[in-house]
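For the sequence shown, the positions run 1 to 225 when my numbering is used.
Because the hints were derived from the structure by calculation, they are not lab data.
Hints should not be assumed to be uniformly reliable.
As the list claims (entries may be wrong) - With a cut-off of at most 30 Å between alpha-carbon atoms, the simulated DSSO-like pairs for lysine-lysine come out as follows:
#, residue 1, residue 2
1, K118, K133
2, K75, K119
3, K114, K174
4, K133, K75
5, K126, K114
6, K174, K126
7, K75, K5
8, K22, K208
9, K208, K174
10, K119, K133
11, K114, K133
12, K5, K208
13, K22, K5
Said to hold, decoys possible - What follows is a set of in silico ranges between Cβ atoms, one per label pair, in the way DEER data are often shown:
#, residue 1, residue 2, range
14, A71, S110, 19 to 29 Å
15, D181, R56, 30 to 40 Å
16, P113, S12, 37 to 47 Å
17, S139, A71, 35 to 45 Å
18, D181, A29, 34 to 44 Å
19, Q83, I220, 20 to 30 Å
20, N25, S139, 28 to 38 Å
21, G31, A76, 22 to 32 Å
22, V18, D181, 33 to 43 Å
23, Q204, P113, 15 to 25 Å
24, R200, G129, 22 to 32 Å
25, R200, A76, 32 to 42 Å
These numbers come from a predicted model, not from an experiment.
The beta carbon of each residue, even a glycine, is placed where N, CA and C say it ideally should be.
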Amino acid sequence: MIELKHLGKIYSSASGSVEALKDVNLTIADGEIFGIIGLSGAGKSTLVRCINLLERPTSGEVWVDGQNLTALSGKALLQVRRQIGMIFQSFNLLEQRSVLRNVCFPLEISGTPKAEAKKRAEELLKVVGLADKAASFPSQLSGGQKQRVAIARALINRPQIILADEPTGALDSKTSQEVMDLLRQVNDEGMTIVCVTHERDIAQRTDKIIYLRDGIIESITDTGR
């Protein structure tokens, strides 16, 4: 379970302060898929990045499975983050690495033996339908294929939660639906997913939709899925 308690985030700059999140309270049950929508600048990406503390909140607490992440630092926080996969709009693939080595990367940096990491990566490339692209490089892939690689990489540590920040933002409509089908498949296997999107039709594929306006949760809608 994810619990956000009185979450606030303020960015400071030379021109002044911006309150990106204002007293956000939210509970996401295990196995749910949440869509977060809102206008540009509403605080959507900030909210999802606060869940795994890529952005550290200015105030409030983030609890995951009964553990207060905002009280953790160093190795303890890194350990928890391994259970939270992240998918970005820009894919964030390493251009000099093959598809297989991109997927392996999180296991490599955690010290997993190469043979074990390779086996797990090959399994996931089959899951996302890219087993035949293992030796290819990101520059040889379409946008949809790159996002599938990013999803496989996010799954490599067997996380309990996936955070997706505009995962279909750089894709056409058909490919967006295919990527959401894949995320829905992962969710059906019990994984909790929080997905930021600016597309209402994509949000409708989730269980619940959070509408964020000026850093405040304005509404939470159950889609009935």
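Against the structure, the hints:
no., hint, result
1, K118 x K133, "holds, 14 Å"
2, K75 x K119, "holds, 26 Å"
3, K114 x K174, "violated, 36 Å"
4, K133 x K75, "violated, 34 Å"
5, K126 x K114, "holds, 18 Å"
6, K174 x K126, "holds, 21 Å"
7, K75 x K5, "holds, 23 Å"
8, K22 x K208, "holds, 21 Å"
9, K208 x K174, "holds, 22 Å"
10, K119 x K133, "holds, 15 Å"
11, K114 x K133, "holds, 19 Å"
12, K5 x K208, "holds, 19 Å"
13, K22 x K5, "holds, 11 Å"
14, A71 x S110: 19 to 29 Å, "holds, 23 Å"
15, D181 x R56: 30 to 40 Å, "holds, 34 Å"
16, P113 x S12: 37 to 47 Å, "holds, 44 Å"
17, S139 x A71: 35 to 45 Å, "holds, 42 Å"
18, D181 x A29: 34 to 44 Å, "violated, 22 Å"
19, Q83 x I220: 20 to 30 Å, "holds, 24 Å"
20, N25 x S139: 28 to 38 Å, "violated, 44 Å"
21, G31 x A76: 22 to 32 Å, "holds, 25 Å"
22, V18 x D181: 33 to 43 Å, "holds, 36 Å"
23, Q204 x P113: 15 to 25 Å, "violated, 43 Å"
24, R200 x G129: 22 to 32 Å, "holds, 27 Å"
25, R200 x A76: 32 to 42 Å, "holds, 38 Å"
Hint compliance for this structure: hints 3, 4, 18, 20 and 23 are not met, and every other hint is.
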